[in-house]
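Engineer: As you go down the protein sequences, you meet chains A and B in turn.
So the first sequence is numbered by the numbering used here: it starts at 1 and just counts up by one.
So the second sequence is numbered by the numbering used here: it starts at 1 and just counts up by one.
These are calculated hints, taken from the structure and not from any lab test.
Hints may contain errors.
To be verified - Sample of chain B residues at the chain A side, in silico, Cβ under 7 Å:
hint	residue
1	Thr176
2	Asp179
3	Pro323
4	Asp435
Here a beta-carbon is modelled for each residue, glycine too, at the ideal position from N, C-alpha and C.
2 protein chains.
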Amino acid sequence: MERSMFNSLLLPDLRFMLDESDGPGLKEFCEALHPGVAAEVLEGLDAPVAWQVLTHCEPRTQAEIFQFISLPYQVQLVESIDPSQLTRLIEQMSPDDRVDLLERMDTGEVDALMPLLAQAQRSDIRKLLSYPDDSAGSIMTTEYASLPADITVAEALQRLRLQAPSRETIYYIYITDEDRHLRGFLSLRDLILAKPEARLEGLMETDVISVRVDDDQEHVAREISRYDFIAIPVVDNQNRLVGIVTHDDAADVLSEEATEDQQRLGAVEPLEDSYLQTALWILVWKRGIWLVILLGASFLTAWIIRIFFDDGGGSLWMMKFLPLVLASGGNAGSQSATLIIRALALRETNQGDARHICLRELLLGSLLGAGLAVLSAVIAWGLVDYAWQAGVVGTTVFLVVTLGTTVGAMLPVWFKWIGVDPALMSNPLIAALSDMIGVIIFFNVAQLAAPPS
Amino acid sequence: MERSMFNSLLLPDLRFMLDESDGPGLKEFCEALHPGVAAEVLEGLDAPVAWQVLTHCEPRTQAEIFQFISLPYQVQLVESIDPSQLTRLIEQMSPDDRVDLLERMDTGEVDALMPLLAQAQRSDIRKLLSYPDDSAGSIMTTEYASLPADITVAEALQRLRLQAPSRETIYYIYITDEDRHLRGFLSLRDLILAKPEARLEGLMETDVISVRVDDDQEHVAREISRYDFIAIPVVDNQNRLVGIVTHDDAADVLSEEATEDQQRLGAVEPLEDSYLQTALWILVWKRGIWLVILLGASFLTAWIIRIFFDDGGGSLWMMKFLPLVLASGGNAGSQSATLIIRALALRETNQGDARHICLRELLLGSLLGAGLAVLSAVIAWGLVDYAWQAGVVGTTVFLVVTLGTTVGAMLPVWFKWIGVDPALMSNPLIAALSDMIGVIIFFNVAQLAAPPS
């Protein structure tokens, strides 16, 4: 089911239960649904209301649901929770998700929170926080199942039962010595198939594929995917087991890296959050920086054209700026198309958001267009004979960027709507369409502005 | 470790063992390494030699290694295997991987092979082959663990032991009735934590999240990733369990879909295999088709410019074609950059292949350039006053496309080599660089070709 379907089915029920203060109903909502479904429905509510729903269940269930909520919304939620409840929630979260949240919170809030946590958790958090961003250490969890080598299968199963409730996975079992050196590996399948009296040292694989705690997270994720692992062990430089990275976190990393690459390819500085969760001024910055760099390149092209050309009067001056005005529209349009196509593929947005996206991109396009227009008019002044010509360049850039941004965002949405793959709206195709519109705008603006001859 | 590191470490040893006909050594190579590692090393050998290595181990181990080999190489390997050995190998493969291979083989070979397989396997294959491409049915496996609801935990563990050796996973257990209707779900973790005398019907979750056999594979993969599942059950339209899709296959689907989207965004028809495994003529076709469409759009732009312009003589005729020649280079360059950047991200290629990539793209660029040059010279003829001007357009397109293709491929490789993210070479940046080069080429070709005035 699509995201919106859950919301439209369950949200009204939930609001009704809230209005009626139906405690048992709200408790059932939290416990009966898959935590991922509950999380999605809750994100449709205001943060304080969502937290009110969660107060009806145990901290353990709270944490399970909470972990499926997107980070920006988690941060909002945290502000509605009083310190003692927040402490209990955070203690129940898995170590990797907990650290991701703390990294996004105000340092002031975190400093206030830390003394309330148990000593063991505090040092676990400090350790995980100390690993560099994008390293194996930053995505691993410390809740792995491990056993010594010199016990029997029957004993191992007994001990696993004790570990199971608090471990991220018990399907992969790591064999360590007393100093936590990684000695071997066993799957729960191996264990179940083995004779109860067999010893683990005779069963375990000793050639364990592992990653280092400072390895890049993308490397870790690719290793997991390459060997079809459920989890991979993470060791320090003395081969001591310090954590595991699980397949679901690896899949998230690969998806994030693909998103980053796609955004970079479309000349957008990678966004931290989803397209719709990113504030407008951040988009202006992450797109504007590249548009300015590309504008610089276009002025180099204009300058090269000027070398080859003696201005012959008439409309010939426009030739210098033709590649520039066309590229501005194409670049802005490619950025929009790239962002929207990825958001559609990740189901972060759908056709229902069309109106919202259109208005947002129109606003964004005019902001970016205005900035680039001023910049290009000022620089163009140095390359033209008459001031009005610089004005024509600036005006055209403004119109072309505004239009390119909006059209580049709406075409993929429209493609999706008529059942065609939005990704067919490739960057070169957006650029080609923008070229046609750009030419028409450029010549019309020039004709309007040119003094009568 | 990187792909190439395994090869350089293990390949010499392997060749030595082959030269010495060291049977026990070759057997150990197959059995001691992770099958994914063994597969990678084998891909460094010629297919008949690789098969010779595999003959030293059991069909079960053969199949495990074989399943980690890339599809195009699997197809090559199959041609070196005699029918009786091939039958045994295929019988040992997991149903989903087996069907993927059969779909890629010659229909003649498949028809010859089918009668040799056991009846049960034959009907399993026919069924899986009948599901549409890109559906849940096409990526699922039929080897799932299932149990009835009315048995105890102790009995369940006993039965699971019998199922375990042949099932893709036993960590997720599906509860079905006698007609295979999906009634509930249990994880092995739940089972291990439960009392031995408890009955499954009291333990199982009854609200099972499943997908339909005709759901799109991307939808299935997103569901798995959304709920952090190890596997998801696939049901038919009567809610009967027909298979499962596992997390590793889901990760592959998401990676393929991201690759497809990225290639489409770069105006390349998605490739079936990796960049280096794709034949040159396929690349010519999958890139050429889009370049021709984009050239058509550029001619529309040229035609629009012509409407606004009275040709004023001198170099003014060039203005019409300026966007066209610049776009041709930018488009071809974006295609190359897109393909190489994705191949680098997926580690399908690395800097070591730089020379090979350069020559290949140079050849490809000149083929594409020649085709587009002829096409654009012919069409341009209709828009110019003198034939030599059409010649200038054609020649420029040839040079710009050839250069754009090569530079677009090499810049990301060079970025990787100096330790910068190759994805920074965005489509708009490639287009901007290509604009500068394009202008210089265009004007120089025109100056050389213009009759003395």
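Engineer: Hints first: check each against the structure and report whether it holds.
Structural biologist: Evaluation of the provided hints:
Because the smallest distance between the Cβ of Thr176/B and any Cβ of chain A comes to about 20 Å, over 7 Å, the interface hint for this residue is violated. The restraint placing Asp179/B at the interface with chain A is violated, with a minimum CB-CB distance near 25 Å, outside the 7 Å limit. For Pro323/B, the shortest C-beta to C-beta distance to chain A is roughly 5 Å, which falls under 7 Å, so the interface hint holds. Hint on Asp435/B holds. Least Cβ distance to chain A is approximately 5 Å, under the 7 Å limit.
Hint violations for this structure: numbers 1, 2, all remaining hints satisfied.
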